[in-house]
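Visitor: Listed here are the chains, written in short residue letters.
There are 2 protein chains.
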Amino acid sequence: MTEQKATNVTWHEHKVSRAEREKIKGHKGAVLWFTGLSACGKSTIANEVDYLLNQRGIHTIVLDGDNIRMGLNKNLGFSAEDRAENIRRIGEVAKLFATSGTIVGTAFISPYKADRDKVRAILAPGEYVEIYVNASLETCEKRDPKGLYKKARAGELKNFTGIDDPYEAPEKPELVLDSDNKGIAELAQEVVAYLEQNGYLKA
Amino acid sequence: MTEQKATNVTWHEHKVSRAEREKIKGHKGAVLWFTGLSACGKSTIANEVDYLLNQRGIHTIVLDGDNIRMGLNKNLGFSAEDRAENIRRIGEVAKLFATSGTIVGTAFISPYKADRDKVRAILAPGEYVEIYVNASLETCEKRDPKGLYKKARAGELKNFTGIDDPYEAPEKPELVLDSDNKGIAELAQEVVAYLEQNGYLKA
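As you go down the protein sequences, you meet chains A and B in turn. Read the first sequence against full-length UniProt numbering and you will find it ends at 203, with the numbers running on by one and no gaps. Read the second sequence against full-length UniProt numbering and you will find it ends at 203, with the numbers running on by one and no gaps.
Worth double-checking, as some hints may not be accurate.
Same chains, same names: a pair is fine if it fits in one copy or spans any two.
Claimed, not checked - Pairs of lysine to any residue, SDA-like flavour, derived with a Cα cap of 20 Å:
#1 Lys-172 - Ser-136
#2 Lys-202 - Ile-24
#3 Lys-113 - Val-192
#4 Lys-25 - Ala-203
#5 Lys-158 - Gly-183
#6 Lys-25 - Thr-99
#7 Lys-118 - Thr-99
#8 Lys-113 - Ala-124
#9 Lys-23 - Glu-81
#10 Lys-74 - Gly-57
#11 Lys-151 - Ala-114
#12 Lys-15 - Tyr-51
#13 Lys-25 - Leu-201
#14 Lys-15 - Gly-65
#15 Lys-25 - Gln-55
#16 Lys-113 - Pro-170
#17 Lys-146 - Asn-198
#18 Lys-25 - Gly-57
#19 Lys-74 - Arg-88
#20 Lys-25 - Tyr-200
#21 Lys-202 - Asn-54
#22 Lys-15 - Glu-186
#23 Lys-23 - Ala-114
#24 Lys-113 - Asp-164
#25 Lys-150 - Phe-160
#26 Lys-142 - Arg-153
#27 Lys-25 - Leu-137
No lab work stands behind these hints: they were computed from the structure. Computed from a predicted structure; not experimentally measured.
For reference, chain A alone in the conformation it holds in the complex:
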């Protein structure tokens, strides 16, 4: 035990830096913030990007309705206040993942510019990659996989984005995906290409 005590005398507090976390991962941490109307393809594209990156040994995670609304944000509803808090918490969690060197994809409608800009503001320059999944309301309403648009049109769902609540399209997103005219596989490749071309996939 004498040796251990001697160790303690000269012990210094260690904190792992962001660079050290990124070094063992071999790439940068970043937030891929997918935004767009319900049924525009956000979650599917985010999960496909996640798959493509994982296949290449990139460390990733996806935050979407599946793991957030049933967990961290299960005590939030859809009032204006709760919607803002929903996005705020997701932004903070995304920041923690980016700090760990992870590339985190988030797939939420996030209709309000002010809420998205707050997320951008808590992240470092270049760390927030806003990806506008641009599909027309017509396209989304045609897809309507969960029948939500139908319910919203019937007045059974209130404050539904695109119907009776606004979607504020990004003004200067890092990337726009044309989800009216291209398929998931192609759009996911566009995201990966963007990351590659902008140096995210190396440390």
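Based on these hints, arrange chain B on the given structure of chain A.
Guide: Chain B only, in chain A's frame:
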């Protein structure tokens, strides 16, 4: 573009499994839940474990007051309700990190057994490693690096754990660290040894 469209026809949704995330990291995801009185050494030990693991190429993160109280939980105070919500949110975020294959250390007093047990309950068996950093109130009060015990004794801080609010010691923690008699370096090594012996450091 014809080729891309053909691709879409046969496209299947990909979801990355937990196993696939752990495979590229080379080890399991887990939550190291450090609990104990203020100034018992939780955060310092958690950060030292983080350092030791990072040096070995293990993918880690630490959640502590520094990155949680100023971020995700900045809208929470110290009422009974807010304390419970504080621990609940930290548990949910820790779960997300474990899902990503990361070993996440959390360093919060987390004085109530019920709150800790709720975190254990949302995680898979073996995923939650409760680490009781056991230091006597006397030891912690002597250290008192931020002068908090002094303020609590003077009545300037209310509901202070160990003074006028209870600390419910873990009954069956996975690991107990003797912070009265051992130093940070030795205790951090004990945590790493536990993880090694219990198979956490391989995929």
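Visitor: Take the hints in turn and mark each one as holding or not.
Guide: To see whether the hints hold, each was checked on the structure:
1. Lys-172 - Ser-136: Classified as within: same-chain Cα gap 18 Å, cross-chain 55 Å, threshold 20 Å.
2. Lys-202 - Ile-24: Both: 11 Å inside a copy, 16 Å across copies.
3. Lys-113 - Val-192: Intra 24 Å, inter 45 Å, cutoff 20 Å: neither.
4. Lys-25 - Ala-203: both (8 Å within a copy, 16 Å between copies)
5. Lys-158 - Gly-183: The answer is neither: 30 Å in one copy and 58 Å across copies each exceed 20 Å.
6. Lys-25 - Thr-99: both (12 Å within a copy, 17 Å between copies)
7. Lys-118 - Thr-99: Within one copy only: 17 Å inside, 26 Å across.
8. Lys-113 - Ala-124: Within. Shortest intra-copy distance 18 Å satisfies the 20 Å Cα cut-off; inter-copy 37 Å does not.
9. Lys-23 - Glu-81: neither (39 Å within a copy, 40 Å between copies)
10. Lys-74 - Gly-57: neither (32 Å within a copy, 34 Å between copies)
11. Lys-151 - Ala-114: Neither: 27 Å inside a chain and 40 Å across chains, both beyond 20 Å.
12. Lys-15 - Tyr-51: Answer is between: at 6 Å across copies they meet the 20 Å cutoff, but 31 Å inside does not.
13. Lys-25 - Leu-201: both (10 Å within a copy, 16 Å between copies)
14. Lys-15 - Gly-65: Answer is between; shortest inter-copy Cα gap is 14 Å, intra-copy 33 Å.
15. Lys-25 - Gln-55: both (14 Å within a copy, 12 Å between copies)
16. Lys-113 - Pro-170: within (7 Å within a copy, 45 Å between copies)
17. Lys-146 - Asn-198: neither (36 Å within a copy, 44 Å between copies)
18. Lys-25 - Gly-57: Both ways: Lys-25 and Gly-57 sit 9 Å apart in one copy and 8 Å across, limit 20 Å.
19. Lys-74 - Arg-88: both (14 Å within a copy, 11 Å between copies)
20. Lys-25 - Tyr-200: both (12 Å within a copy, 18 Å between copies)
21. Lys-202 - Asn-54: Both: 14 Å inside a chain and 18 Å across chains, each within 20 Å.
22. Lys-15 - Glu-186: For Lys-15 and Glu-186, only the inter-copy Cα distance (17 Å) is at most 20 Å; the intra-copy one is 41 Å.
23. Lys-23 - Ala-114: neither (33 Å within a copy, 38 Å between copies)
24. Lys-113 - Asp-164: within (17 Å within a copy, 45 Å between copies)
25. Lys-150 - Phe-160: Within. Shortest intra-copy distance 11 Å satisfies the 20 Å Cα cut-off; inter-copy 53 Å does not.
26. Lys-142 - Arg-153: within (13 Å within a copy, 65 Å between copies)
27. Lys-25 - Leu-137: neither (39 Å within a copy, 40 Å between copies)
Against the hints set out earlier in the document, violations occur for numbers 3, 5, 9, 10, 11, 17, 23, 27.
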